[in-house]
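Participant: Listed here are the chains, written in short residue letters.
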Amino acid sequence: MEEEMNALQKNKTWELVPLPKGKRAVGCKWVFTVKQNPKGEVDRYKARLVAKGYSQTYGIDYDETFAPVAKMGTVRTSISCAVNFGWPLHQMDVKNAFLHGDQQEEVYMEIPPGFANSQTAGKVCKLRKSLYGLKQSPRAWFDRFRRAVCGMGYTQCNGDHTVFYKHRGTFITVMAVYVDDIVITGDDAEEIKWLKENLGKPLM
Amino acid sequence: MVEGEFGKTFDVKDLGPLRYFLGIEIARSPKGIVLSQRKYVLDLLTETGMLGCRPCNTPIDKNHQISAESRDSVNRETYQRLVGRLIYLCHTRPDISYAVSVVSRYMHDPRTRHMELVYRILRYLKGTPGRGLWFKKNRHLDLEGYCDADWASSRDDRRSTSGYCVFVGGNLVSWRSKKQAVVARSTAEAEYRAMALSLCEMLWLKGLLKELRVLRNETMMLHCDNVAAINIANNPVQFDRTKHVEIDRFFIKEKLDSGVLRLEYVKSRGQLANCFTKGLGPSENELSCNKMDMIDIFSPSRGGAVDVNSSL
Numbered sequence: 000m001e002e003e004m005n006a007l008q009k010n011k012t013w014e015l016v017p018l019p020k021g022k023r024a025v026g027c028k029w030v031f032t033v034k035q036n037p038k039g040e041v042d043r044y045k046a047r048l049v050a051k052g053y054s055q056t057y058g059i060d061y062d063e064t065f066a067p068v069a070k071m072g073t074v075r076t077s078i079s080c081a082v083n084f085g086w087p088l089h090q091m092d093v094k095n096a097f098l099h100g101d102q103q104e105e106v107y108m109e110i111p112p113g114f115a116n117s118q119t120a121g122k123v124c125k126l127r128k129s130l131y132g133l134k135q136s137p138r139a140w141f142d143r144f145r146r147a148v149c150g151m152g153y154t155q156c157n158g159d160h161t162v163f164y165k166h167r168g169t170f171i172t173v174m175a176v177y178v179d180d181i182v183i184t185g186d187d188a189e190e191i192k193w194l195k196e197n198l199g200k201p202l203m
Numbered sequence: 000m001v002e003g004e005f006g007k008t009f010d011v012k013d014l015g016p017l018r019y020f021l022g023i024e025i026a027r028s029p030k031g032i033v034l035s036q037r038k039y040v041l042d043l044l045t046e047t048g049m050l051g052c053r054p055c056n057t058p059i060d061k062n063h064q065i066s067a068e069s070r071d072s073v074n075r076e077t078y079q080r081l082v083g084r085l086i087y088l089c090h091t092r093p094d095i096s097y098a099v100s101v102v103s104r105y106m107h108d109p110r111t112r113h114m115e116l117v118y119r120i121l122r123y124l125k126g127t128p129g130r131g132l133w134f135k136k137n138r139h140l141d142l143e144g145y146c147d148a149d150w151a152s153s154r155d156d157r158r159s160t161s162g163y164c165v166f167v168g169g170n171l172v173s174w175r176s177k178k179q180a181v182v183a184r185s186t187a188e189a190e191y192r193a194m195a196l197s198l199c200e201m202l203w204l205k206g207l208l209k210e211l212r213v214l215r216n217e218t219m220m221l222h223c224d225n226v227a228a229i230n231i232a233n234n235p236v237q238f239d240r241t242k243h244v245e246i247d248r249f250f251i252k253e254k255l256d257s258g259v260l261r262l263e264y265v266k267s268r269g270q271l272a273n274c275f276t277k278g279l280g281p282s283e284n285e286l287s288c289n290k291m292d293m294i295d296i297f298s299p300s301r302g303g304a305v306d307v308n309s310s311l
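Heads up: the sequence lines are chains A and B, in that order. For the first sequence, position 70 (counting from the first letter as 1) is numbered 69 according to numbering that gives the first Met the number 0, and the numbering increases by one without interruption. For the second sequence, position 254 (counting from the first letter as 1) is numbered 253 according to numbering that gives the first Met the number 0, and the numbering increases by one without interruption.
By construction, these hints were calculated from the structure, which means they are not laboratory data. Among these hints, one or two may not hold up.
[As the list claims (entries may be wrong)] Which stretches of chain A does chain B cover? Using the computed rule of at least three CB atoms under 8 Å from a CB of chain B, they are: (1) 71-80; (2) 86-95; (3) 154-162; (4) 167-178.
Glycine residues also receive a C-beta, built at the ideal position from the N, C-alpha and C atoms.
Could you put together the complete structure from these sequences and hints?
Facilitator: The structure is reproduced here in structure tokens:
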């Protein structure tokens with residue numbers, strides 16, 4: 000819970016403001032999960048602050064919510080390519096992915112349970128970044144990610160918008176994105192190494 | 000992350016080689032890759048209390064006569080949740096695709112009989128929890144499809160079922176079992192719709208591969224076991240009786256003329272899309288799984304014709 004709160008604060012996810020008149024604050028709560036590895040053993044415990052997005056109203060709190068996820072056909076096709084050409088397959092994930100999306104609409108949220116103190120009294124959180132549970136979060140994150148990788152010289156694939164690729168001479172690097180899970184394959188070892196090192200760096 | 004540069008960085012974690020993605024287990028060896036959802040199956044069986052059930056060797060009866068009116072209503076939420084989990088399982092299990100598509104037709108009004116079908120699928124999974132898709136190194140990326148239709152199979156509205164599967168580079172990557180949206184008046188017409196549906200998918204895959212510049216062979220091969228449908232496709236002028244499927248007809252003809260598509264007759268025995276349009280018997284089901292390159296890396300004895308130990 001502390002870890003999540005630190006991530007939220009580091010990210011400047013919100014600022015404390017008094018709730019303006021005529022606005023409504025969405026609720027929030029903590030969700031605790033036990034992460035398991037494929038063998039079913041306990042991997043780690045995880046706390047996640049989520050907004051109660053179901054109380055948001057279309058047109059007032061949010062507009063567009065669609066965000067693409069990789070089609071499984073695409074993932075299997077990439078795997079078939081990798082097998083047939085002997086390409087390596089790598090996997091990466093983005094921590095707290097949804098917290099990186101920029102909040103477009105004005106959204107106010109109640110103070111997270113357990114973190115109320117004298118400074119927060121009478122105030123609410125005005126969100127600057129998206130949060131898990133909000134209707135528009137997946138879209139905001141994907142948009143953010145798309146701009147980042149396109150800035151790294153990748154092209155968004157027309158056939159599946161969650162696939163990004165880069166050609167260098169005869170070499171190719173392909174990346175498929177499923178929300179915060181990324182699969183990377185291709186025959187350009189140098190580029191893959193560079194990509195892995197730079198995906199997390201400041202970009203724009 | 001530098002203070003003040005919020006949002007300009009992502010915290011990215013390198014997880015190394017692809018092993019576990021969205022609940023799918025990925026095992027790689029010099030001979031290929033196997034995708035399976037064994038843990039997902041076992042979790043599902045545990046949750047439903049079916050871990051100790053008697054296994055069944057097919058997911059659905061060969062001549063099931065399922066219809067909407069099948070005894071008492073059951074809890075809709077439970078049914079929908081269960082079927083939803085089965086749908087997710089279809090990512091690595093084409094062998095249950097047809098059975099799952101049948102049970103998902105009754106999501107809005109599930110009855111006791113439908114629930115029994117769901118449990119039947121679970122019993123089938125119990126027998127083969129580790130079965131998954133095997134991707135082999137065939138050193139090409141040719142597109143090959145199989146399409147089939149089961150005419151007027153739905154007892155509720157006499158619509159037909161389309162089924163197809165598509166191989167990319169000799170590996171099964173895409174498949175579907177779907178009840179058609181309109182009634183077909185002949186088997187050829189039903190086959191025709193299935194053909195158009197599979198062609199759409201193949202064209203999409205082709206576009207994807209072309210964009211990545213990895214496609215070498217432009218011609219796609221589509222196998223179909225209905226001679227009449229192939230004949231109409233090759234010569235659309237002759238049949239007055241197919242006027243009403245005009246769009247599909249000209250769509251297919253256009254692709255044939257431009258040379259991107261070749262239609263090939265396949266005998267019913269070699270028809271791989273069979274299992275997406277109807278229930279199969281036990282031996283047919285095993286054969287079909289072998290042809291789709293499904294193996295069980297966790298239990299070599301059930302791996303069928305493939306010697307798992309030497310291949311992985």
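Participant: A separate judgement is required for each hint: does it hold in the structure or not?
Facilitator: Results for each hint:
1. 71-80: Check passed, 9 qualifying residues.
2. 86-95: holds (count 9)
3. 154-162: That given contact holds, which follows from 5 residues of the stretch 154-162 of chain A lying within Cβ reach (below 8 Å) of chain B.
4. 167-178: It holds, with 3 qualifying residues against the three required.
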